[in-house]
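Novice: Residue strings, one per chain:
Protein chains: 2
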Amino acid sequence: MVAELISVGTELLLGNIVNTNTQFLAEQCALLGLSQYHQEVVGDNHDRLAEVIRTALGRADVVILTGGLGPTEDDLTKEVCAEVMGFPLVEDAHTRKRIEQYFQNSIYKVIPDNNWKQAIVPEGAIILDNDNGTAPGLILEKDGKAAVLLPGPPGELYPLFFQQVRPYLEKKQPSVIRSAMVKVCGMGESQVEDSLLDLIDRQENPTIATYAKTGEVHIRVTAKAASEEEAKRLLKPVVKEIKSRLGDFVYSVKEKETLEEAVVRLLQKYELTVTTAESCTGGLVAGRLVNVPGASEVFREGFITYSNKAKRKYLDVSKATLKKYGAVSEQTAREMATGGVFATDCDACVAVTGIAGPDGGSEEKPVGLVYIATYMKDKVRVEQFQFKGNRAKIREQAVVKALDLLRRSILDNYR
Amino acid sequence: MVAELISVGTELLLGNIVNTNTQFLAEQCALLGLSQYHQEVVGDNHDRLAEVIRTALGRADVVILTGGLGPTEDDLTKEVCAEVMGFPLVEDAHTRKRIEQYFQNSIYKVIPDNNWKQAIVPEGAIILDNDNGTAPGLILEKDGKAAVLLPGPPGELYPLFFQQVRPYLEKKQPSVIRSAMVKVCGMGESQVEDSLLDLIDRQENPTIATYAKTGEVHIRVTAKAASEEEAKRLLKPVVKEIKSRLGDFVYSVKEKETLEEAVVRLLQKYELTVTTAESCTGGLVAGRLVNVPGASEVFREGFITYSNKAKRKYLDVSKATLKKYGAVSEQTAREMATGGVFATDCDACVAVTGIAGPDGGSEEKPVGLVYIATYMKDKVRVEQFQFKGNRAKIREQAVVKALDLLRRSILDNYR
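These protein sequence lines are chains A and B, in that order. Position 32 of the first sequence, counting from 1, maps to 32 under the working numbering, and the rest follow consecutively. In short: position in the second sequence from 1, add 415, done, that's the working numbering.
Please note that the accuracy of each hint is not assured.
[Unchecked claim] Taking lysine to aspartate or glutamate and the DMTMM-like style, the derived pairs with C-alpha atoms no more than 25 angstroms apart in a straight line are:
#1 K586/B to D558/B
#2 K639/B to E257/A
#3 K319/A to D774/B
#4 K808/B to D345/A
#5 K319/A to D558/B
#6 K671/B to E257/A
#7 K183/A to E330/A
#8 K808/B to E330/A
#9 K780/B to E27/A
#10 K724/B to D316/A
#11 K808/B to E27/A
#12 K728/B to E297/A
#13 K313/A to D762/B
#14 K388/A to E426/B
#15 K393/A to E330/A
#16 K628/B to E396/A
#17 K313/A to D760/B
#18 K734/B to E27/A
#19 K628/B to E11/A
#20 K393/A to E670/B
#21 K651/B to D613/B
#22 K256/A to E676/B
In short, the hints are calculated from the structure, not lab data.
Generate the whole structure from the sequences, applying the supplied hints.
Specialist: Below you can see the structure in the form of structure tokens.
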């Protein structure tokens, strides 16, 4: 089954916003095993929109349109799609009632007149109730083809897709597609591919695909089967084999688990608290830990010691070390991590010091040089990195490697 | 003049990556005053690619293609575009030499055979030397139409565009387009529009457009004229009028200046140092300040006090205050900001405490409640916010508002 995605909106044509909706829908359609050959963006213009819809319906089985379902005169998606597919428009009493209810619960006292336009639907369309807005989603079916119309705001699009569109598409698919995710940190994409070369080469079902993220590699394993149980049965041994080959480099096999969530989970498991001592990352490692709801159980305080003076004052880094080796050195990283634990009652500390640039680099210590240290169970572990890219990119990589060193140190010391 | 953008690549069709290249190019083309009606994404497939290129050349004056210029057999963009436009392919000695030089400076000892493919070009094409990769950009001109072929990696695409494609497109345009940016924080988009309603209503040249960003509104003023001077002369009074209407809500009129850069610039101007005392934002305010190269001049240390104990230990927040008013309260925010200054030698402190959720909210103190305080010149200023959205969104908004309160406090106290 072939799917095609059309985004409607001038703000996309003019580059005011990035088209994240299409990325979301494309990924979801791929997960469902749908084939995809084209994506389009078009503005709120009757003739051009009609032409794009006609072309897409000519070559795809399911056309998913986002945007242009709002209450203003500019919003044309529903009207044009109904016209192209030959559906008359009628008022839907159920949707009208929902709009009334929506406004009862909102700050508006009076329902703006143009909102009633959103109760007009193509006659015979499947109506997808939208709990987060006034424009319902719509599915128009004709001659074995379907057009799925969804509102553009992600807060409306995502729930509508997961709750109503995905089940609809799954029912149209002859087979079940299920996938598993293996998330890796500490290996590059080509290293991961080398380790899995024979698996990747002989892949058929399940398939294996690797994706490079900042400091991470994600491996998606996808199986096609007659039933959900069968698909899961196909996935299991492949995921197990990947895990056994990559060992501790695998930080999660949960689809949605982030690196910081994996770290917080480990800290919780071993009942450990951690503190942070950051120089060039300036609070971003702590910021990632606090991303995790409930992080307060394991993370209570952190230090941003950007100046040498602050490193001495809060972390007791010695004057001699700073003078002899400099702020960006293995020795300073070591003392920062140690000092963080002794300045608090925490079980562990992760420390980062480096040169993020663009200035401050030298031949001996170039921009991108970063030392990361962990202190745990009276032991310090330090790693040295030479990152590439601009200031933001260098700091982003340092944050990932700091979280990962913390993770691996916990495994090595407590498992 | 009409431009159309085509992205070539399976990773876009499958939703593995977000199409930021198209957003970049669309914004740049809009800034040049080019009209845009369609964007497409298509895979590395001969027939489909040829069809898309043919359609685009039929309706646009300039078609910009990105991706598919790599050295592998999958990469077809150049070959298919040359075929559609009727250009024979020939080897270009200059490009071959550049590829040799590129590999001399790289870690590779031997040049992979398939890289020579990148020295083959459509005969008569304009060749755009690529300093960051082996695939040159190409411009094919025929019958008053042009196809511009650019490599997909942003690190190659952006410099090629700015250095060679933009000047080329500017020359083709009969008039000059210049724009100015006014960046606003502390007002919502509709408030900004209300304040500028008469200007927006009667706009012709320059035009005024507003864009909502997290916690910010950006206003782009764009003028069309016969010369650069004339365009700048048209922009000046409009920018001045907007600035005078929005006053201190305007934090910058520089295209690339971020909120944190504006804050660091102000701190430098008044020779002030600042510290941070963060609870729910957990280091992200400090992280934003450290985004700015040279931030060490004004920011040397910061506190992440996630637990009550840490708030007491480092910031001297009183036990009585925490007990009577709670950690998320105006009083605690006030004491955090005060304590931050007294614990350091800094001139100012910005403090954040709030409930980012999803847990921890109550009827009295719902999720999203955030207090932000600044201490400066013996004066404390506290603002209360009720943010919407998930944990990440609430924290992101809190960071922006903290930077903005710091900015406005500096203006009020030192200007």
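Novice: Could you work out which of the previously given hints the structure breaks and list their numbers from low to high?
Specialist: Violated: hints 2, 3, 4, 5, 6, 7, 8, 9, 18, 22.
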